[in-house]
Amino acid sequence: MSATSATGYRAWLLADRPQSRLQARCGQGYATVLRFAANRLALLGFFILVALVLIAAFAPVLAPHSPVAGNLATARLLPPGSPGYLLGTDDQGRDILSRLIYGSRLTLMVVVLVGVIAAPLGLIIGAAAGYAGGWLDAVLMRITDIFLAFPKLVLALALVAALGPGIENAVIAIAITSWPPYARMARAESLAVRRSDYIAAIRLMGGSPWRIVSRHVVPMCLSSLIVRVTLDMAGIILTAAGLGFLGLGAQPPQPEWGAMIASGRRFILDQWWVATMPGLAILIVSLGFNLVGDGLRDALDPREAGQ
Amino acid sequence: MTPLLTVEDLRVEYPTRKGVVAAVRGLSFTLGRERLGIVGESGSGKSQTGRAIMGLTPPQGRVTAKRMDFDGIDLLTAPPKLRRQLRGGRMAMVLQDPKYSLNPVMSIGRQIIETLQTHETVGAKAARDRAMAMLEAVQIRNPERVFDLYPHLVSGGMGQRVMIAMMLVVGPSLLIADEPTSALDVTVQLDVLGILDDLVAKQGMGLIFVSHDLRLVSSFCDRVLVMYAGRVVEEIAAANLGQAQHPYTRGLLACMPTLGGSRHPLPVLDRQPEWRQ
Amino acid sequence: MSAVISVPRPGRGYAGARRVLIDLGRFLVVIVTTYLGLLAVTFFIGRVIPIDPALAVLGDRAPVSAIARVRLEMGLDLPLYQQFLIYLRQALSGDFGTSVLTTHPVLEDIRAVFPATLELATLGTLIGSALGVPLGVLAAVKRGSLVDQVVRVVGLIGYSVPIFWLGLLALLLFYAELHWVAYPGRLDLAFEYTFSPITGLFLLDAIMQGEWDVAWDAFRHIILPASLLGYFSMAYISRMTRNFMLNELGQEYVVAARAKGLSEPRIIWRHALRNAAVPLVTVIALSYAGLLEGSVLTETVFSWPGLGLYITNSLENADMNAVLGGTLVIGSSFIALNLLSDLLYRTLDPRTRAR
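Protein chains in written order, with this note's numbering: chain A, 364 to 670; chain B, 92 to 368; chain C, 4 to 358.
Calculated from the structure, these hints are not laboratory results.
Treat the hints loosely; a few may be bogus.
[Unchecked claim] Residues on chain A that point at chain C, a partial pick, calculated with CB under 7 angstroms:
| hint | residue |
| --- | --- |
| 1 | A374 |
| 2 | L377 |
| 3 | A378 |
| 4 | A512 |
| 5 | L516 |
| 6 | A521 |
| 7 | L522 |
| 8 | L601 |
| 9 | G605 |
| 10 | I624 |
| 11 | L632 |
| 12 | L646 |
[Said to hold, decoys possible] Computed list of lysine-lysine pairs in DSS-like fashion (alpha-carbon distance at most 27 angstroms, straight line):
| hint | chain 1 | residue 1 | chain 2 | residue 2 |
| --- | --- | --- | --- | --- |
| 13 | C | K145 | B | K172 |
| 14 | C | K145 | B | K157 |
| 15 | B | K216 | B | K157 |
| 16 | B | K157 | B | K172 |
Ideal Cβ placement from N, Cα and C applies to all residues, glycine included.
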């Protein structure tokens, strides 16, 4: 049976006339993946993100030294390339490479938590507003627009100032300022879908608004939402690093990348690596999210990519 | 009488991910100071033909031909500057939908004057007068008012008249009308066609009328070229359309229901693969 | 006559005036609710979140009597909505409280430092637009070429690099190594006490007064932070310009313009860019707002005595009044710029002007 061979699967996925909805959906997904993979920059971004996850997961195995305990006596401010310390050490004698590796866990945590909080929140608010219409729509959109008009970093700053420093508070602060764009997108989609005939048909069949929104409106928003969330992640990482730089994120001795830059600032003239390495890490991860986001957008909507 | 336009074996090709796609495959015709209609469905290559003659094919497309002469000028070897001078000056094109083909942030009068000042040196006052005269020539009754309006404020019919004025103000000898009435309501179509008819006759222009509407083209033009899949399948005088030979043309003719004719079943075009050859 | 859709002309009779009033009313509602929202959020942060707002404002070393007085002022024993009204009244009259650090009213402090931030953000936006718009146009016109790739890479890095880190590296290179620029602050100590500003924008003031050595010094101080902000502004503006131009260049009116025989430069600048300018102006306004926000981190790195540095200093000293006051000011500017960009869009696009 050729269905089990690789070419058999491929033929099934790329068939011109799919026999079932499942086949059509899988085929679309496969075509998207192919388009994404053809984009070399997007692939690079993807590998960066995979590396981030793997490094965070296997940090204890990968890091040569402890990220929090340093050798004050003999290992202060060693330059990169010193034996045993690939990227050098900081002023507390801690290995920078190990700190970066463990810091990836904090970065990943921020990214995942903010995404998990802000995206569904925005999605639900926007979809509900768009589908319900009327005064609910007006009120919710006013609230969304108000939050949209606020400066993210400054508000996150003020919020963390009130709540106290710490990475959980930083996550909350960032998430609260990040959901409005998703609400806007979800509302636009659900407005477009609301009037269509197939929704009317479902309503005639007795479908409740909840069912309609969750099973029909939400999936329409998903692809543009995923692209937007991925792209926003880069900015969220930068905002979190900014908060860390100001001392408002994870507290010492936790190896948060932004905080590492702040503490390395004093030695920038002679021991430039203490502040430079964490910044490079932030740059690379942020770049990864941007590349993947751009690649996803081009893959999911080929018209945008141009011919 | 030397023909105005001679085209021999025109090919327009586009590279795509799946290989080279030919939009036009070996088209040949000559045009004098007469009206030629090019009829075809979407994808038949009729629009691409017009654009290739004008030199408006997008840069990724490749235009080749054995011969493409306009009024003694070899279009294939002409430098880009010369082709640009010809465009709007001696050969003009009217596009389909004035909602999209007029610049939304420029007033109507300015856009007409712009064509004028590109091809002739005229002072501001003289240019304005000529633009007004052109608006009157396309039967716009209040040219002073329309002159200062922005395109989105006028209806489709008036917008198309503005487009005609804008393209014909310099007095070209060749006009390519690419679906000029397809975006208009039926009643307005007749008005605009009448204006085109009048201007073409008055200025003695050659006209290429591109459309998907066989009946419209046959009533308006002297000769008809039927295109399918990038090729000409039939070339016939409009008056003799009833004696068309090619099955595609006959199929098109049969698709048009006539009053009092049989209605069951309504004939549908059955495309044969060999027509693609 | 029936071929022309009727245009409601503002100022022409009752119907026209009514429409303008409705639009104005709608606009005012937006401004008021957004600003109220901002005040509600700062109220929430300042009064609702802290367990003891009075303590949060004064710091834990304040005498008990002072805390009691402030508690009374804030009306902390009153129900929440009344507290909010008190807060509203204070904020709208400019009473942001007193700074624990400087013992001045916060508004006074902010008035002293805000021009520095404005100067930085303005120069940054100027640099960003002057570079970003032409680069974006070039990238769109020569799509896929080397220029396009370079512009996209430069923009991509601009979206990915932490501004404070880049600032530190820039200082290292241009100040510590090359000595091309001056740091910290806005002027050398020598000038700081002899120079009297007019607008608060030192570079402008020095030029206006003909004090060329002061102007040069101010320039040497501002050029690096402004270029840094300008880089980020340019990354954003060039990307948006490229997108808008690509969109316009694919429109039918561009084909029509070519059919008229217009030259390519004319089509690009007078036709496509003219249309792209409408959303582009709003993008520039938004970029300015973003730079106001970005100044918070930049001023910290460059010790630039603006509103951003004021906020971060106050943060370190737990000066809640100052932090919230600064947040309100930046937030209000942000909102104002967002609304300005909306307004600009409406005025510049003839299609929306008629409505």
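**OP:** Please name the hints from earlier in the document that this structure breaks, with their numbers sorted from lowest to highest.
**Re:** 1, 2, 3, 14, 15
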